[in-house]
Amino acid sequence: MTHENKLWQWSANLFMMAISIACLLPFALLVISSFTDEQAIISNGYSFFPEQFSLTAYRYLLDQSQELLRAYGITILVTVLGTSVSLIITSMLAYPLSRRDIPLRNPLAFFVFFTMLFNGGLVPTYLIYTQYLDIKNTIWALIIPGLLMNGFNVMLMRTFFITSIPVPILESAYIDGATEFRTFRSIVLPLSLPILATIGLFQTIGYWNDWFNGLVYLTDPKLFSIQNILNRILTDIQFLSNSGLGSNAGQSMAKMPSGTVRMAIAVVGVIPILIAYPFFQKYFVKGITIGAVKG
Amino acid sequence: MMLPGLAYLIVNNYAPMFGLIIAFKNINFAQGIWGSEWIGLQNFEYLFKTTDAYIITRNTILYNGGFIILNLVIAVGIAILLNEIRSKIMARFYQSVVLLPFLISMVIVSYLVYAVLSIETGFMNKTVLPFLGLDSISWYSEAQYWPYILTIVHVWKSVGFYCVVYLAAIIGIDQEYYEAATLDGASKWQQIKSITLPLISPVITMMTLLAIGRIFYSDFGLFYQVPMDAGALSDTTNVIDTYVYRGLMQLGDIGMSSAAGLYQSLVGFILVLLANYIVRKINKDNALF
Numbered sequence: 077m078t079h080e081n082k083l084w085q086w087s088a089n090l091f092m093m094a095i096s097i098a099c100l101l102p103f104a105l106l107v108i109s110s111f112t113d114e115q116a117i118i119s120n121g122y123s124f125f126p127e128q129f130s131l132t133a134y135r136y137l138l139d140q141s142q143e144l145l146r147a148y149g150i151t152i153l154v155t156v157l158g159t160s161v162s163l164i165i166t167s168m169l170a171y172p173l174s175r176r177d178i179p180l181r182n183p184l185a186f187f188v189f190f191t192m193l194f195n196g197g198l199v200p201t202y203l204i205y206t207q208y209l210d211i212k213n214t215i216w217a218l219i220i221p222g223l224l225m226n227g228f229n230v231m232l233m234r235t236f237f238i239t240s241i242p243v244p245i246l247e248s249a250y251i252d253g254a255t256e257f258r259t260f261r262s263i264v265l266p267l268s269l270p271i272l273a274t275i276g277l278f279q280t281i282g283y284w285n286d287w288f289n290g291l292v293y294l295t296d297p298k299l300f301s302i303q304n305i306l307n308r309i310l311t312d313i314q315f316l317s318n319s320g321l322g323s324n325a326g327q328s329m330a331k332m333p334s335g336t337v338r339m340a341i342a343v344v345g346v347i348p349i350l351i352a353y354p355f356f357q358k359y360f361v362k363g364i365t366i367g368a369v370k371g
Numbered sequence: 158m159m160l161p162g163l164a165y166l167i168v169n170n171y172a173p174m175f176g177l178i179i180a181f182k183n184i185n186f187a188q189g190i191w192g193s194e195w196i197g198l199q200n201f202e203y204l205f206k207t208t209d210a211y212i213i214t215r216n217t218i219l220y221n222g223g224f225i226i227l228n229l230v231i232a233v234g235i236a237i238l239l240n241e242i243r244s245k246i247m248a249r250f251y252q253s254v255v256l257l258p259f260l261i262s263m264v265i266v267s268y269l270v271y272a273v274l275s276i277e278t279g280f281m282n283k284t285v286l287p288f289l290g291l292d293s294i295s296w297y298s299e300a301q302y303w304p305y306i307l308t309i310v311h312v313w314k315s316v317g318f319y320c321v322v323y324l325a326a327i328i329g330i331d332q333e334y335y336e337a338a339t340l341d342g343a344s345k346w347q348q349i350k351s352i353t354l355p356l357i358s359p360v361i362t363m364m365t366l367l368a369i370g371r372i373f374y375s376d377f378g379l380f381y382q383v384p385m386d387a388g389a390l391s392d393t394t395n396v397i398d399t400y401v402y403r404g405l406m407q408l409g410d411i412g413m414s415s416a417a418g419l420y421q422s423l424v425g426f427i428l429v430l431l432a433n434y435i436v437r438k439i440n441k442d443n444a445l446f
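Those protein sequences? They're chains G and Z, same order as listed.
Read in order, the letters of the first sequence are residues 77 to 371 in the working numbering.
Read in order, the letters of the second sequence are residues 158 to 446 in the working numbering.
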């Protein structure tokens with residue numbers, strides 16, 4: 077390696093190291109403060125080197141685990157159900173659109189595409205879901221509005237079907253007497269795992285991180301997901317003591333480690349995504365690439 | 158086979174488009190959307206008579222304009238650097254770490270920001286500012302700092318995503334160009350300037366024009382969660398999306414809120430068409446339609 081190259085490698089690495097640290101430090105602050113003693117935070121603030129470590133916040137979470145577990149259960153249920161239904165209806169819409177021989181192909185594609193250009197906005201959407209569909213304070217409020225399917229994913233999947241599923245395979249299936257649906261299920265889907273994984277991951281992250289639907293359509297804390305609980309606690313310290321999360325008899329506000337408990341719940345809320353990330357990074361990067369190449 | 162998907166689009170996307178007529182109505186829930194009285198453009202008149210309309214439009218455009226430029230410069234810069242790193246393990250590590258903030262929700266981001274900026278216990282006020290010999294700042298009530306805070310948070314959270322897009326484009330460049338350039342004695346800097354940048358410019362153009370087409374839409378989470386909905390900051394944190402949300406959920410002012418929503422949708426639509434028209438002019442293959 078030449079001298080110039082070595083210097084270049086060193087500076088590139090140094091620079092990227094600095095950027096990586098900037099990306100990681102806030103997470104470190106979050107995790108460390110969740111393990112800090114409440115008093116230490118009150119007197120010294122959030123710090124990377126706290127004077128006293130403590131597990132009080134996590135012990136507190138364990139004591140209150142019923143509420144948190146319910147929220148966790150709801151988050152998982154919504155993520156799993158939402159992602160599966162989303163994959164099913166997205167692929168069932170994208171596959172016919174990818175076929176050259178269906179009637180009304182272009183008008184239907186435009187019907188999907190137009191939703192990417194123009195939308196009604198929050199107010200009419202809210203009124204339709206609450207006035208006509210009665211979705212308020214049901215589990216469906218966390219699954220259906222906005223997140224379930226979008227035009228972009230349909231178009232992405234359609235492009236994949238067009239470019240990666242060879243037509244002769246489909247034709248031979250028909251010759252063997254397979255129905256359209258059977259061809260789709262036993263031939264097209266198994267050949268489409270990369271795109272299914274990609275969109276599945278986008279959806280999983282979307283559902284796991286969603287707090288907006290809960291904020292808009294839920295008033296009943298029993299249906300709150302983890303993100304909704306976090307959202308509520310941050311803006312409203314009282315919430316900790318008023319909701320089930322702090323309502324145990326004899327639990328006084330003064331005793332409650334509110335600062336560190338917030339951080340502990342936040343840690344518990346990000347951990348699943350952080351653990352899962354290395355496993356799906358490969359697909360994630362590939363998915364972004366497919367999206368970028370296509371637009 | 159297509160029915161469930163189409164039905165969903167009709168309910169979730171098309172029905173609200175027709176619902177936009179409520180911007181022209183004086184909504185009265187007893188009479189329903191159809192029964193309410195038509196009032197023409199009154200909602201718009203009210204909206205544009207307030208200073209709100211000016212503030213939210215200015216904020217929306219300035220923030221998103223700034224974000225577009227910063228995302229472009231920083232993400233392309235990092236992508237080029239990442240591509241230069243020889244060690245496969247380190248490159249993968251950097252890439253994972255840069256993308257990490259993109260994966261977490263805005264609620265969690267607002268927790269991170271709170272840990273740094275909290276007035277009594279934040280890292281800034283308790284550690285950084287005293288160390289520099291400066292007085293504490295009550296971040297959540299002083300609007301002038303927020304353009305910088307929100308910009309930093311936005312770049313921190315989203316730059317990894319754009320970086321991966323550009324990196325994918327760079328990896329797609331044929332290595333022979335670089336080999337030839339090296340033989341001709343081109344320096345790294347010359348290679349970046351004359352090979353990498355021109356060859357990824359189609360992707361850059363497309364991403365930028367797409368973003369310009371969406372300049373009227375903001376990341377609601379960033380502008381609502383991160384400043385924690387603090388009213389004192391609204392001068393520099395209120396954008397069209399947060400205005401519409403507050404009008405609907407907190408003030409119950411459906412008329413003004415839906416007028417602002419229609420303003421956003423219409424201008425957004427025109428901007429998408431315009432952006433696409435420009436892409437078509439530059440390079441037909443990059444156009445959306």
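Hint data in this document are derived by calculation from the structure and do not stem from the laboratory.
Some hints here could point you the wrong way.
Straight-line distance between alpha carbons at most 27 angstroms, and here's what the computed DSS-like set of lysine-lysine pairs gives [as the list claims (entries may be wrong)]: (1) G:K362 / Z:K283; (2) G:K82 / Z:K438; (3) G:K82 / Z:K283; (4) Z:K441 / Z:K350; (5) G:K362 / Z:K206; (6) Z:K345 / Z:K245; (7) G:K212 / G:K298; (8) Z:K245 / G:K82; (9) G:K358 / Z:K245; (10) Z:K350 / Z:K438.
The structure displayed is predicted, hence computed values, not measured ones.
Against the structure, the hints come out as follows:
Restraint check for K362 (chain G) and K283 (chain Z): not satisfied, since their Cα atoms lie roughly 42 angstroms apart, outside the 27 angstroms limit. Under the criterion of a C-alpha separation no larger than 27 angstroms, the hint pairing K82 (chain G) with K438 (chain Z) is inconsistent with the structure, at around 43 angstroms. Our distance criterion of 27 angstroms between C-alpha atoms is broken by K82 (chain G) and K283 (chain Z), whose separation comes to about 41 angstroms. The hinted pair formed by K441 (chain Z) and K350 (chain Z) meets the criterion: a straight-line CA distance of about 25 angstroms does not exceed 27 angstroms.
Proposed proximity of K362 (chain G) and K206 (chain Z) is contradicted: the alpha carbons are some 48 angstroms apart, above 27 angstroms. A hinted pair counts as satisfied when its Cα atoms are at most 27 angstroms apart, and K345 (chain Z) with K245 (chain Z) qualifies at roughly 19 angstroms. Only pairs whose Cα atoms come within 27 angstroms are accepted, and K212 (chain G) paired with K298 (chain G) is accepted, the gap being roughly 13 angstroms. Proximity of K245 (chain Z) to K82 (chain G) is assessed by CA-CA distance (about 16 angstroms); at most 27 angstroms being required, the pair is judged to hold.
Pair hint K358 (chain G) plus K245 (chain Z) holds up; C-alpha atoms about 14 angstroms apart against a cutoff of 27 angstroms. The straight-line distance between the Cα atoms of K350 (chain Z) and K438 (chain Z) is roughly 24 angstroms, inside the 27 angstroms bound, and the hint therefore holds.
The structure shown violates the earlier hints numbered 1, 2, 3, 5.
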